[in-house]
Amino acid sequence: MTTDIERVTGTALDRVEGRDKVTGLARYAYEYPADDIAYVVPVPAAIARGTITGIDPGDALAVPGVLTVLSFRNAPPLAGNDPELRIFSSDRVSYRGQMVAAVVADTLEAAAEAARLVHVGYDAEPHDVLLRPDHPEAYVPEKVNPSFPAVSEQGDVEAALGDAAVTVDTTYTTPAYHNNAMEPHATLAVWSGDRLTAYDSNQGSSTARDMLAAAFGLEPGQVRVVSPHVGGGFGSKGTPRPQIVLAALAARAVGRPAKVALTRQHMFAVTGYRTPSIQRVRLGADASGRMTALAHEVEEQTSTLKEFAEQTAVPSRMMYAAPNRLTTHRVVALDVATPSWMRAPGECPGMYALESAMDELAVACGLDPIELRVRNEPEEDPESGLPWSSRNVVACLREGAAWFGWAGRDPAPGVRRDGRWLVGTGVAASTYPARRRPSEATARATADGRFTVRIAAADIGTGSRTALTQIAADALGVPPERVDVRIGDSALPTASLAGGSMGTASWGSAVAMACVRLRERLDGAGGEVPEDGIEARYDTADDIKADAAYARHAFGAQFAEVRVDPGTGEIRVPRLLGVFAAGRIINAKTARSQFIGGMTMGLAMALLEESVPDAEFGGFLNHDLAQYHVPANADVANIDARWIEEDDPHLNPMGSKGIGEIGIVGTAAAIGNAVHHATGVRFRDLPIRPDRVLDRAPQIGGRNL
Amino acid sequence: MDVPSKGTAGGAQRTAARPPARTDVTVSVNGAVERIKVDNRASLLDVLRERLGLTGAKKGCDHGQCGACTVLLDGRRVNACLILAVTVDQAEVVTVEGLTDGTRLHPLQAAFIERDAFQCGYCTPGQLCSAVGMLAEAAKGRASAVTADLADDAPVLDEAEIRERMSGNLCRCGAYPNIVAAIGEVAG
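Protein chains in written order, with my numbering: chain A, 1 to 705; chain B, 1001 to 1188.
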């Protein structure tokens, strides 16, 4: 074994599965072969609330090739604690689009045709699907995700606001957003006796295995979930979705392998979404811009099936110094699908509101928005009093300002015109927690000089397979070409989810330590690899329990230049720059892709994306990719991400912080702030659609420039 | 019981019970001639994926809205989910699996790896086939919505042109700048 090679961590290694992905050989869940596969097409509920009075499967069963129609009438009861996954368990309908039946057939064409012929009768009840201010049913939940108190209070916010020289009191709204991974949620289920294999699209095969075992009353060892390639998730494949249960139910019902891929339309109903939010932010500062009060009060929605309370105000507990602070969350349980995880839950919508309000405070104080943020930098985590493991938001703001060309910016809004365009620039800060969760990994040396690392990690496009290859190579002291990383299979050592930007930190810790152990064993064996190989295993659970108490977060700064056409309401973003401080960057190539991908989603959050609730019939009015505007290539211009070196010894063996989510945090605020700078008008409701710009055209400055 | 009454009175009135119409189709797929009997309801995409085992072309929306299923049909880029398989008799289809020359990657495939023009990889086969078709269109002098001179029979594929011409292929991971760079490199 050589030890004198250069470290591969930090370099721009190409994705190790790149060739499989560009040649079409990378297999996703629905694409696995099996003998005699049956096709499953679910039937969505047509009402938002009520009772099923009857299901007539006759016409569906008469379609040639149809094998069975599943519904609450004939499906076996499922266990488990997620009501969204206990499909066909009762005659109740809790939201439009909820699965009420499914057709299983020999061909996809037959199943799709027959699904439209399942006649479902309903006794509909009045429903309520609209989040609105001061909803009479709103309540304070016990916790917000994952386990924060719903309310936090320090000092006396009301008194401090009353005494403040400068105050801002504004309300921002964000709509529902859908994750819309390109690969629909899909599962191929294969039973062999009482053992179940599911080829599934998810963000964690260990988690999906445990859920599936619980649902069917099996031991985890009886279930295997295989997911080596996953076509994106963005949170929507973290919590298992109902298609995995449906495929397993169907396969057992017909005694054949069965597979289901949700339609894009149905994904809008049953795969989760980001809750809409109504956020009131009040800031108080002295004349020099030092904040004395920060209040962030959030209203959002959950479902009648289970409580999901997004932690939207939580970033306001740690972002800035302010001796008086109040953060609250209230939720209302509507007749809707349960909201779920979407990229940077909490931080993404919460920092939109906070960072927009900070810009308003900067204007009110007559201060540069970067300077305002610098003046309110907290020395320690304001709520917990914990020291920061590292905090370099000021460096991101300063370096970003230099790269972006912020110096000399005229703060006057609505005064720059270039042809039909009004031009402005904006900035916002960004943050996301740096956490890790217990995982296990094995590392094995074989006599052929190669190494195999095994862990049930997931690569949903993040580049984790490549990053883990680099981490293992450095820990072993060998070139990455000699390392094979096996992930995406619950038969591998148990691992945490790809979620919360914890994947690489969690899995990398286990992989690095397993490789260190393997080196020790190899050294003990005199460097010789025995004929049948040598292996080491590591479980990080104890290490993580012993982690010292620090406030661990990644930080960043987002800079945007926008052009607004006040005649058409069109907004373009010719330049977007994100600067991040996220510990050691493990792969310079894939990290940049993660950052710019998050920023692209943030750009679309600001300007394009919106799921519109259907007040009359429930569900969402726009439920496909023609009406829900995922950004297209032409929507994105010059977008770049950079990072500053950060040496943080309090994180994990790699010194890394997660990077999958911070890219979306702050982007929408930076764009909104730039729109204000361009037009002189504040748009506080996302997305900033052309019609919203036109509605306020009379107030837009510069029309007569 | 409040059940819609359409066609539920008895088997004799169940009009859907006829066997599906099937048609023999002869089609060249990546250079190999396939003779298959297709369900007339089946899309080219589903026949490629479910009958021919060519799962490179992806289903992202099944409605021609995302471009993940893009293949080349007689040299033109099409959304395979919008093409009924029964209509491709005697046609030539090239999928992402057919872009590789033996083990040698197509220059676009190599550029996509080098430029990290994908993350999850699910839109990638469609992006690649679309890019191949797009370069052929540009070579024929086809204008796009951002082409300044519509009479120009050799439009220069600058970044704006590539972005515009590739906007039928969605990438939720947001690899667009890298896709543009990869295609720009190959377009020269």
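Bear in mind the hints are in silico, worked out from the structure with no lab data behind them.
Keep in mind that a hint or two might mislead.
If you want a taste of the chain B side facing chain A, the calculated C-beta under 10 Å gives, among others [unchecked claim]:
(1) S1028
(2) R1049
(3) K1059
(4) A1068
(5) I1083
(6) T1087
(7) Q1090
(8) E1092
(9) L1105
(10) C1120
(11) L1135
(12) E1137
(13) T1147
(14) C1171
Quantities reported herein were computed from a predicted structural model and do not represent experimental measurements.
Just so you know, even glycine gets a beta-carbon here, dropped at the ideal spot from N, CA and C.
Checklist entry - Checked against the structure, which of the hints given earlier come out wrong? => result When the structure is compared with the hints, numbers 1, 5, 6, 7, 8, 11, 12, 13 turn out to be violated.
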